[in-house]
Amino acid sequence: MITIIDTLECAIRELRRRKARAIVNIIGYLLAVSIMVIMINAIIYSRNASNNILNVTGTHFIASVPANIPTCELCTNKTPENKDEGFVVYGVPTKVISKKFINQVNKIEYIKDASPALLYRIRSKTDGHIYTINGFERDNNVAVRTTTCAETDIISGRFINPMENGVVMLEEAYAKLHKINLTDKIDIAGIKFEVVGIINPGIRPAKADVYMHFDEAEQIINRQLGSVKLNNEANVVLVETASSMVQKEAMRAMKDIIPELVFSSYACYQPASQVMGINETSAWLIAIIVGIFTMALSLKSQLSSVIERRRDIGILKAIGWADESIISQILIESLLQAIIGGFLGCIISVIVLMFIPPKVIIGLDISGHINISFLVLIAGFLLALLGGIIAGLIPAFIASRQKPSESLRSL
Amino acid sequence: MSENAIIKCENITKNFKIKKREIQILKGINLSVNKGEVIIITGKSGTGKSTLLNILGGLESQTSGSVTFNNQIMDNMSNDELSDLRRKNIGIIFQNFNLITTWTTIENVESAVMHTRLNKSARIKKATALLNEFGLDDRLDYLPAELSIGQQQRVAIARAFMNDPLLILADEPTGDVDPETAQVIIESLVTPVKQKSVTLIIATHGVFPLDIADRVFFIDNGTLTPKI
Numbered sequence: 001m002i003t004i005i006d007t008l009e010c011a012i013r014e015l016r017r018r019k020a021r022a023i024v025n026i027i028g029y030l031l032a033v034s035i036m037v038i039m040i041n042a043i044i045y046s047r048n049a050s051n052n053i054l055n056v057t058g059t060h061f062i063a064s065v066p067a068n069i070p071t072c073e074l075c076t077n078k079t080p081e082n083k084d085e086g087f088v089v090y091g092v093p094t095k096v097i098s099k100k101f102i103n104q105v106n107k108i109e110y111i112k113d114a115s116p117a118l119l120y121r122i123r124s125k126t127d128g129h130i131y132t133i134n135g136f137e138r139d140n141n142v143a144v145r146t147t148t149c150a151e152t153d154i155i156s157g158r159f160i161n162p163m164e165n166g167v168v169m170l171e172e173a174y175a176k177l178h179k180i181n182l183t184d185k186i187d188i189a190g191i192k193f194e195v196v197g198i199i200n201p202g203i204r205p206a207k208a209d210v211y212m213h214f215d216e217a218e219q220i221i222n223r224q225l226g227s228v229k230l231n232n233e234a235n236v237v238l239v240e241t242a243s244s245m246v247q248k249e250a251m252r253a254m255k256d257i258i259p260e261l262v263f264s265s266y267a268c269y270q271p272a273s274q275v276m277g278i279n280e281t282s283a284w285l286i287a288i289i290v291g292i293f294t295m296a297l298s299l300k301s302q303l304s305s306v307i308e309r310r311r312d313i314g315i316l317k318a319i320g321w322a323d324e325s326i327i328s329q330i331l332i333e334s335l336l337q338a339i340i341g342g343f344l345g346c347i348i349s350v351i352v353l354m355f356i357p358p359k360v361i362i363g364l365d366i367s368g369h370i371n372i373s374f375l376v377l378i379a380g381f382l383l384a385l386l387g388g389i390i391a392g393l394i395p396a397f398i399a400s401r402q403k404p405s406e407s408l409r410s411l
Numbered sequence: 001m002s003e004n005a006i007i008k009c010e011n012i013t014k015n016f017k018i019k020k021r022e023i024q025i026l027k028g029i030n031l032s033v034n035k036g037e038v039i040i041i042t043g044k045s046g047t048g049k050s051t052l053l054n055i056l057g058g059l060e061s062q063t064s065g066s067v068t069f070n071n072q073i074m075d076n077m078s079n080d081e082l083s084d085l086r087r088k089n090i091g092i093i094f095q096n097f098n099l100i101t102t103w104t105t106i107e108n109v110e111s112a113v114m115h116t117r118l119n120k121s122a123r124i125k126k127a128t129a130l131l132n133e134f135g136l137d138d139r140l141d142y143l144p145a146e147l148s149i150g151q152q153q154r155v156a157i158a159r160a161f162m163n164d165p166l167l168i169l170a171d172e173p174t175g176d177v178d179p180e181t182a183q184v185i186i187e188s189l190v191t192p193v194k195q196k197s198v199t200l201i202i203a204t205h206g207v208f209p210l211d212i213a214d215r216v217f218f219i220d221n222g223t224l225t226p227k228i
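Sequence order for the protein chains is A and B.
Quick note: the first sequence uses my numbering, first residue 1, plus one each step.
Quick note: the second sequence uses my numbering, first residue 1, plus one each step.
Bound-form chain B, shown alone (with noise of 0.2 Å):
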């Protein structure tokens, strides 16, 4: 593993049984990302995008080969380490936003340090700042159904910062909004991203410009090619 490299996943495959039939979605991948890199995966849907993203995350695991994260080996790790490795390293945007219906805007920020040393005024001093930078300040209070689809994926990028995260993970962040929209997250996202030296691994299988990345992999039919 390069001394640069923040992840790594050597030859991953992941086998799912559906209605008794093994299917091998991922088929041997290797990817390695450096620190800071902005990495966008593309690709169909149903080709195993999501899969990989859930993989290097800890949220799901490999049926075979290896993960890195930033020199410690998740393969064999428990729930609640992959938990801490999360809570304290990685951030993670949804397609769906996945915010919590029932907290606001600034409670679902929070959310993402909560029962760690942080005490609660310096969460909510945090989170204010961060959703601040998102233009939020004045949608603290608001729930996500009070808020449009673009804003709620603003709080949802904001969380993913709240822990100061060495990576970010964002599944199909643009998904289901409008050029416009799109837009707007996707400045949201990468805007900080540069500025704090965050890596990012972005999977999309919509319009997405290519060009903020620092390479393209393109997934198909469970193996990743680097786009050239």
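The shape of chain A in the complex, shown without the other chains (with noise of 0.2 Å):
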């Protein structure tokens, strides 16, 4: 017959009684909870700032056809009369492509937006220096902005405005080069445009020497073309996909539409994606390592403490005391260690996590605190009990199987 107010009892006074034990086995429950706690919430904390950091990082590329393949359905080729000029992309000639299959991208579930640009080198009619434009989409989106120029790229003047016509920007080294300035007005193809900002787009896979919007463009090279005129068509596609993990499977599906498409992009998304990765299983894994530590101390301090006690669990049974009180006796013993050790490691974590900078505990320089999952701390308590029932249960049950005679004739 067991009374579980005479074994909680009984169970305090032992930890009591055996202070420093009690309180080692404690502080470890409690550094084990904490640690888990921290890590796990630091683990995705980091892991949603790394996201938003990753999305804007080796997520976009640009996609066109070179010119030299065989014509496909919605690809073909468009040559100007003049052969200095054309459609390229880094120097390459290309195919146009029809606007038809950046409607088809963008229904992509990894493509978070695609749209169509002009990238064409044409001959200077005034010094008849060769140079490139680029034409974007007047709704400016985030393909565009990733892939080609964004507003955070102006050094002088603005950004061209969608409503506005006849304004371009230009690349900062082309502009110097030929010692264009702001308000200065530019020909190109025969048509007057006003310089409203230099920019520097760095190594945006779509950069051009001169910036404008696509329809502006178009309008230059049909005129280029001759009578052969773009039929809502572009050379490139400018792709933003939906995180950095997805980038090679939003290219599969595109070649699954058009496979003679090459891509360009910056070529880190894989390293991000990985460094992302290996950052989030290192720290699963440190926090598995001191979990499973935590727990086999607390075994073999439960263990430890039930050897050294052999001769009373011996008397207890001399005296009639039945295995059932013996094994609730010890496993109570470890259940209140791991319940005290795991509430104040949920409590310990949880100052820590409210008040120590963010920077200090992964590294990244964010305002505020590393928010705290209720259900991360519940898990960890949970965890510091089921420690508790198997580093009292094994050690229990070797006390319960015991013979009294040999506890008390090996003294």
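Don't read these hints as lab results, they were simulated from the structure.
The beta carbon of each residue, even a glycine, is placed where N, CA and C say it ideally should be.
Be aware that one or more of the hints could be misleading.
[As the list claims (entries may be wrong)] In silico lysine to aspartate or glutamate, EDC-like type, Cα no more than 16 Å apart, as pairs:
no., chain 1, residue 1, chain 2, residue 2
1, A, Lys107, A, Asp256
2, B, Lys27, B, Glu10
3, A, Lys403, B, Glu81
4, B, Lys17, A, Glu406
5, A, Lys107, A, Glu249
6, A, Lys403, B, Glu10
[Stated by the list, open to error] Here chain A is said to cover these stretches of chain B; the calculated rule only asks that three of the stretch's residues, wherever they fall, bring their Cβ under 8 Å from a Cβ of chain A:
no., region
7, 57-64
8, 78-84
9, 99-105
Make one complex out of these two single chains by using the hints.
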């Protein structure tokens, strides 16, 4: 017959009178729970923060079809009269692709946004130099900002407004080379444009010398093409994927429609996603190792305690304590330590997460504190309980199997 | 078995294996003890006194033979059944007192009836009364280490009486104590045994007043013979 209150009272008495061991065990559970809760919360927070960063890193590319491959259903060759000119991507002549393809691309699940662009090499009618123009859609969507140019690239002046006409932006080096300044008027294929901005788009894949609205670029190119006009076509598809993890899938899905497509990107999406994976995997691994190590330590400590108390257990069995009374006694002692340690561990982890800046914990310079998941706290506490049960049950069964005569004889 | 017998053992043998050698400690012990009897088993160290007491108390199993306690055959009882039997009917006093060192006097005595139908206040009341009988009412909250040898053994005796036993098994109750303390312990043990008509079996190798016993047995080389 086991009475829970008696067992609990005995367990508390044991813990109070074997303070040093109890404190060590409680600290073990405290450390395990707090480290695990802090690490898991940090992992979740770090993953979200990293995702936010990676959303604009390695998630975009441009696609085109080289001019020399056989004509496909959605792409054709359109060659200007002047052989120095033409549709190019990184100096490679390209075909033009129907905008229907872009509509199809926008329906692919891995793609956040796709937009048409014109990258065209043209000869200056003033001094004969060769330069490239980039025509992008007026709505200036995500794909344009990440692959072509964005407001943040402005060096001087301003970004072209979607509503205005007859304005362009020049790439910084190109403007300097040709000594063109803001508000200057430049002639492109006989049409005058005002320079409203000087930009430096860095290494974006659809980099050009002159940036303008798509329809105005189309108008210029049609003048140069002569009789063969553009018919709702572009030579470049600007693509923004849903995340850096799915860029490969997005490219594959596009190739399913036009197998001849070639892609240009930063090529940093793979290392970026891998680094994210490595950090997360390492953190989980450390959290699991800490948990297992602490549980093993508690088990060892509880087992040592039972071995130390071999004589006491022998006495209790000799005076008539049943096996189940001995098991419940040792189990409750172990559980009590786990409950106290787990609870304190939760409190410590909340304090650490609330008051220590994210920069110290995960190295990200973000204001505020790391969000605390209630679910993770509960899971940490339950893990401590599980540890307490395992660390208690094994020694308890060992103790219950001792023969009292042997325990007393071996003194 | 005599109707009056509280415990009876028939043809008990006990073998131990020590370093691959089988040693027979008990060689066909027959003993029947009546209710209220005081029995002393005497003999040199290592002759099997403690082993016999352990078998009688269900702390150890015999190699062959049969033990019957109060008409219940103990031979095939499970550990829990034996624990139950001890908890309800048997008090054990050990040579080294065997008190739990981290528990106080009253906690040690009370522990004998913990996990029974007695609630805590009833247990405390009973333990206090018993310790009062043994002159330890001013030592209730003392740890064993804070008591003298004689006091420790009196606590152990009080614990043995806590469950109102039919049988008390005392293994060397005066083992390593001086004669004066031994006298106090003997009085503490025998007086309540006589008052309460409890059966007492004492194993001793030392000087012990044999006249307190109803019967005395001598154990040597694993065999038990009555001492006339």
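Task: Violated hints - listed by number, lowest first - done: Of the numbered hints, just 6 does not hold.
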